[in-house]
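Number of protein chains: 2
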Amino acid sequence: MTDFDLMRGLHRAASGKIVLLVMDGLGGLPLEPGGPTELEAAHTPNLDRLATEGVLGQAVPIRPGITPGSGPAHLGLFGYDPLTYIVGRGVLEGVGVGIVVRKGEVAARGNFCTVDPEGKITDRRAGRISSGEAIPLVEKLAQVRVPDVEIEVRHVKEYRFAVVMRGPGLQPDIADTDPQRTGVPPLPARPTKPGSQKAAELFNTWIAEARKVIAEHPTANALTLRGFSTDPGLPSFPEVFGVRSACVAVYPMYRGVAELVGMSVLKFEGDMPEDEFAALARGWNDFDFFFVHIKKTDSCGEDGDFAGKSAVIEGVDAALPRLLELGPAVLAVTGDHSTPAKLKTHTWHPVPFLLWAPATVRTDDQKQFGETACAHGGLGTFLATDALPLLLAHAQRLEKFGA
Amino acid sequence: MTDFDLMRGLHRAASGKIVLLVMDGLGGLPLEPGGPTELEAAHTPNLDRLATEGVLGQAVPIRPGITPGSGPAHLGLFGYDPLTYIVGRGVLEGVGVGIVVRKGEVAARGNFCTVDPEGKITDRRAGRISSGEAIPLVEKLAQVRVPDVEIEVRHVKEYRFAVVMRGPGLQPDIADTDPQRTGVPPLPARPTKPGSQKAAELFNTWIAEARKVIAEHPTANALTLRGFSTDPGLPSFPEVFGVRSACVAVYPMYRGVAELVGMSVLKFEGDMPEDEFAALARGWNDFDFFFVHIKKTDSCGEDGDFAGKSAVIEGVDAALPRLLELGPAVLAVTGDHSTPAKLKTHTWHPVPFLLWAPATVRTDDQKQFGETACAHGGLGTFLATDALPLLLAHAQRLEKFGA
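Sequence lines, in order, name chains G and H. FYI, in my numbering the residues of the first sequence are 651 to 1053. FYI, in my numbering the residues of the second sequence are 651 to 1053.
Incorrect hints may have been included.
Identical copies carry no separate label here, and so any pair may be met within one copy or between two of them.
[Said to hold, decoys possible] Derived DMTMM-like pairs: lysine to aspartate or glutamate, alpha-carbon spacing no greater than 20 Å straight-line:
1. Lys753 to Glu800
2. Lys994 to Glu1049
3. Lys843 to Asp955
4. Lys790 to Glu866
5. Lys848 to Asp955
Rather than coming from a laboratory, the hints here were simulated on the basis of the structure.
Using the sequences and the hints, build the whole thing.
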């Protein structure tokens, strides 16, 4: 994994810009043996040219065989070993819907559940109510007030929501209120360290009030909270790697993870690759490193939409000239993990990685950006946490180590 | 290397079975430059079909350049870093001949040696006496009794034997009695920690009695003991990886290592691949994970029998349909290390690895199971300790890490 002290000691001034273009869930699988993956099926003349001029490889997101969630997968690509830098579930869930969680604020993930007249849980997921049904309930929760603290609640998906509490003297060491089984009531929020007594009591107050406003709902008539956590205080990406860093992303989750490591978030309208590359162009002179995130590859993968995922990749490919005319010194194109349409979920498979850096790259003999070509690429198979030093090196932004 | 806490947190229920088929010492070398290895020379239509449908790679047993013994090599394949999980030589030697060593029992490896009339060692290996000559001597040793403890002695090979002492209050911290040179007498068994005083004294008593029964032998008229050790209390494989696990192996050594990590050992008659696969079939419904061990590839390698090793591989290939008709979700075919017939010994070379998992595998473009194809395989080159997470992932037995 990346050694941050090593990185801090090797900063070197240089003018070349670095772009890390992440197509979420890029890695795929063939639908039948010997067939192409989504990326291989896509017509990508620009990416294939970059593959020819650059070098390929495959990145292992966390460790071989480990399927990452989006948070850990991005931390890995940013050089933070996700097994060392743990971000709590509550913070990640909040970040995922655009809630900023700062040091001293306590975030949790919430689930609606169903309780019987005695208060015992009969369904831990409230019959998996739809988002349409859950959103008005979350709006009711958002109206609940507790003295001395500010509470923000946002809907996530179906029966899930995120909640964050802000105020003085809050600490996040609180056990889950979800008993993980039915036939018993939700647990009270209990501190696991003395300093979290106050936050636990305030959450219990909030839970009691919140349950009143949803008590009449036929299924989502109670709730549980889990993953209490706060901003983990990750080392600063610009400080560790010595680059002024910006994020261009449509979805709050990815902007949130970038903020957690101290990147600046560039605002823009629209949700197409062209819109994102235009935002990149506007910020071009103010930063050294750009993380650009494309979401829809992953969404199509999750939906099992093989052709759709290929089409999203083709859209990115078509928009690439706009990015290239900015003149990056280094462009990496990869994903945070694989989301094969065949399996409709994140997977552990290594992720195609393309590194283009005209001044410094050692090219290999691969001429198409695809999984099989990447498995044969000159970069080999490497941990995602090794990507950042490679990008910095190719931008000549790292000093020699040792005399 | 495998992170056991991570593994424990990711268990996921699934129905697919996993088979890890280990051909001992599978990796080989060409007899002349450009020639085939033993595996490449073998006619293996079934393995080649699996290679075509699956993905290849090469596993590094311990670290690059490190030649493993059988114990560490198997621990690595089971996900236990052999540099972290040390099993004492005495235990491994005992395990290798079918002696079960439990916590609180003390095992040691024994060597016959030759001493002169003054008791000074003249040959540390007793002229490398043959097994035929050593076995009756070991039978004499096995008759020696020491009050309060039970002692088991078994022959290993030539001048080597294994001994284990069982009784109350025994601890294994005892220095080797082999002085590692000639011209001096064997050392007494000396405790290196106070708690091992009792065991050391009892071993000295046994050594004195044992030397009496072999004193008249012309070369093997004394003995030394080394590698005093006990069951290292390895984490339980079924508990770490969340799979009910069974071992199918002909040789005691491999059953022993499997038992050390808590696998169940399936009993069966015969020593052919067909016999082993039949045992696998009988246990099929009772376990999730099966370690199947083929010994004779290694034996042929050690004998320098290139053609014989190829023939053993062909025998496994021919029997494979019997295994495949059981319908495993994941089948890995590999070795624990290389034993090239050319070198007649274990070596450090990476080991061919074939992963077949029709529902989840990302195939590569390799179509033959062999060392060169594996070096180009989609799995790349990886540490053997990474194999287990890969197998579990492909059986969809691991949850996602993080949100």
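Right, here's what the structure says about each hint:
For the homomeric pair Lys753 and Glu800, the shortest alpha-carbon distance inside one copy (15 Å) is at most 20 Å, but the shortest distance between copies (56 Å) is not. In this homomeric assembly, Lys994 and Glu1049 come within 20 Å of each other (Cα to Cα) only across copies, at 14 Å, whereas the closest approach inside a single copy is 43 Å. Proximity of Lys843 and Asp955 under a CA criterion of 20 Å is satisfied in neither setting, with 46 Å inside one chain copy and 65 Å between copies. With identical chains, the CA atoms of Lys790 and Glu866 are at most 20 Å apart within one copy only, with a shortest distance of 12 Å there and 84 Å across copies.
When the C-alpha separation of Lys848 and Asp955 is checked against a cutoff of 20 Å, the pair qualifies neither within a copy, at 47 Å, nor between copies, at 70 Å.
In this structure, the hints that do not hold are numbers 3 and 5, in rising order.
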